[in-house]
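Novice: Chain residues, written in single-letter form:
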Amino acid sequence: MSAIYKKEMRTYFTTPLGYVFIAVFLAVSGFVFAFSTFQTQTSDISGYFQLMIFGYIVIVPLLTMRSFAEERRTRTEQLLMTSPVSIPAMIMAKFLAAFTMFAGTVLLSCVYYLPLFRYSESGPNVGKAFGCLIAMLLLGMCFIAVGIFVSTLTESTVTASIGTMAILLLFVVAAIFNNLIDAYVIRAILSWISVYARYVNFTYGIFDIAAVVYYASITAVFLFLAVRVYERRRYA
Amino acid sequence: MIEINHLVKNYGSKFAVDDISFTVREGEIVGFLGPNGAGKSTTMNILTGYLSSTSGEAKVGGIDILENPDEAKKLIGFLPEQPPLYVDMTVQEYLNFVYDIKACRLNRERHLEEIRKVTKIDDVKNRLIRNLSKGYRQRVGIAQALVGNPPVIIFDEPTVGLDPKQIIEIRNLIRSLGKNHTVILSTHILSEVQSVCDRIVIINEGKIIADEKTENITQVVEDHRRYAVKIAGPQREVAAALRSIPGVLSVEVTGERELDSYVYRVEAEKGVDVRKPVFYAMAENNWPITGLETVGMNLEEVFTKIVDRSEGKK
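Going line by line, the protein sequences match chains A and U.
For the first sequence, the working numbering gives the first residue as 15, with consecutive numbering after it.
For the second sequence, the working numbering gives the first residue as 5, with consecutive numbering after it.
Some hints here could point you the wrong way.
[Unchecked claim] Ranges of calculated distance between the beta carbons of each label pair, as one might list FRET restraints: (1) A:I190 / U:N72: 47 to 55 Å; (2) A:V34 / U:G165: 30 to 38 Å; (3) A:V125 / U:G165: 48 to 56 Å.
To be clear, the hints were calculated from the coordinates, so they are not data collected in a lab.
Heads up, the beta-carbon is just placed ideally off N, CA and C, and yes, glycines get one too.
Assemble the whole structure, with the sequences as input and the hints as a guide.
Specialist: See the structure below:
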């Protein structure tokens with residue numbers, strides 16, 4: 015498993031992909047950050063975190079679109095599948111590599127907070143910022159799992175990235191539709207599956223253990239589905 | 005070393021592999037021969053754990069590939085039809101990765117260097133696989149299968165796309181691997197199995213139609229022995245004299261000529277060695293024989309015959 019993890023990490027940096035991801039992430043988040051804080055001269059960062067969820071819809075697929083689609087296209091998956099590595103370990107390794115990239119870049123983007131100390135004596139609310147960062151990582155984890163799953167379905171990286179974007183968009187938008195629906199039952203269901211609502215809670219400074227469990231479960235479900243895709247293909 | 009029992013793989017109503025059974029002993033080189041789409045790759049993919057079978061079992065070193073895939077896979081080195089190469093890596097990096105993923109325990113530097121030497125890729129070890137020619141890529145693929153020194157090596161069409169010199173090199177390599185490994189290789193090139201393998205398994209439409217020693221398989225369908233004889237002497241009389249020898253079925257004047265000798269194609273009855281009678285008959289007439297060679301049936305002919313025969317039985 016560590017061999018695949020190391021290989022994935024290397025691939026991110028020996029191909030343009032890793033750099034493109036970091037650049038796009040920093041460009042989008044930088045813009046959103048500047049827009050939501052400097053522009054309005056506030057040190058409140060909840061606006062930034064709320065907007066970023068839309069950025070992830072585009073950014074995260076960059077990270078995951080290749081993971082299995084490319085292996086399948088170039089037939090290198092045959093090497094992985096005939097090596098003494100189990101399917102769950104293979105998927106976990108790729109997931110962890112993508113998550114490492116993501117978490118690393120999120121950490122890198124933390125330098126943004128430094129200038130905020132200009133706007134208020136105490137600077138941004140550090141506790142809240144931590145909460146938001148954790149939420150960001152949880153959300154990223156969940157989105158990456160979706161991306162990994164979609165990537166196992168196709169051998170085209172383009173299809174993988176667009177498919178991932180579509181699912182992520184649905185996830186996020188579900189909550190927005192929510193406000194337009196009168197029927198209580200549907201609203202309850204939609205808000206229950208909504209990634210957005212739970213995320214927003216964090217940005218208000220509420221640390222919600224249930225949300226942590228929720229993101230972890232979504233991640234687990236999609237990784238499990240990815241495992242199933244591989245097993246099914248073997249038995250097809 | 006390898007045991008395949010009643011292996012079946014079907015996609016819906018299409019049978020890719022239809023009840024195949026065979027065993028491979030340790031140290032044997034077995035050729036898996038068949039036209040495209042016969043089920044060669046499917047069988048190999050099942051054997052290596054890439055696909056699962058619909059029914060039947062495949063065992064490597066006594067370990068069932070479905071029941072205990074991780075253990076069984078440790079015993080196998082596999083070169084798929086398309087070598088599974090990461091083109092963004094250098095040869096060295098790639099082999100290192102394979103070494104890691106196979107959880108190899110041998111001395112890394114020495115083992116990998118040995119493999120690079122054997123497959124003759126040492127001179128390109130620092131180049132990106134992307135920039136390598138087809139022949140080199142194929143050899144990197146072979147090198148990959150050798151990492152960890154697995155007792156069983158499976159090659160799916162190892163010489164496709166190589167130039168004649170490379171083909172010979174690869175064949176020699178496979179032959180030398182056969183000394184310490186059990187090797188299965190698939191191909192649709194008949195001369196390949198003929199020159200490399202101890203045993204040939206012929207497969208067509210998912211079924212085994214022959215499983216014989218390489219020498220035998222030529223004889224299995226060979227009803228007649230044929231010789232090309234070069235004789236210096238008057239063409240007509242020589243032909244007539246040859247025809248009169250008991251056991252000779254037919255004599256064909258090929259029209260080929262070498263100095264004063266003509267080449268005759270002599271077909272003999274099954275089980276009769278006509279070479280000595282031919283010699284004495286010619287000696288009697290003072291027509292020197294300047295050359296005599298056995299014309300065996302090549303595997304192309306054998307193959308078509310076997311396929312025809314098995315189709316005729318249906």
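Novice: It remains to establish, for every hint, whether it holds in the given structure.
Specialist: Hints, verified against the model:
1. A:I190 / U:N72: 47 to 55 Å: 50 Å, holds
2. A:V34 / U:G165: 30 to 38 Å: At roughly 33 Å between Cβ atoms, U:G165 and A:V34 fall inside 30 to 38 Å, so the hint holds.
3. A:V125 / U:G165: 48 to 56 Å: 51 Å, holds
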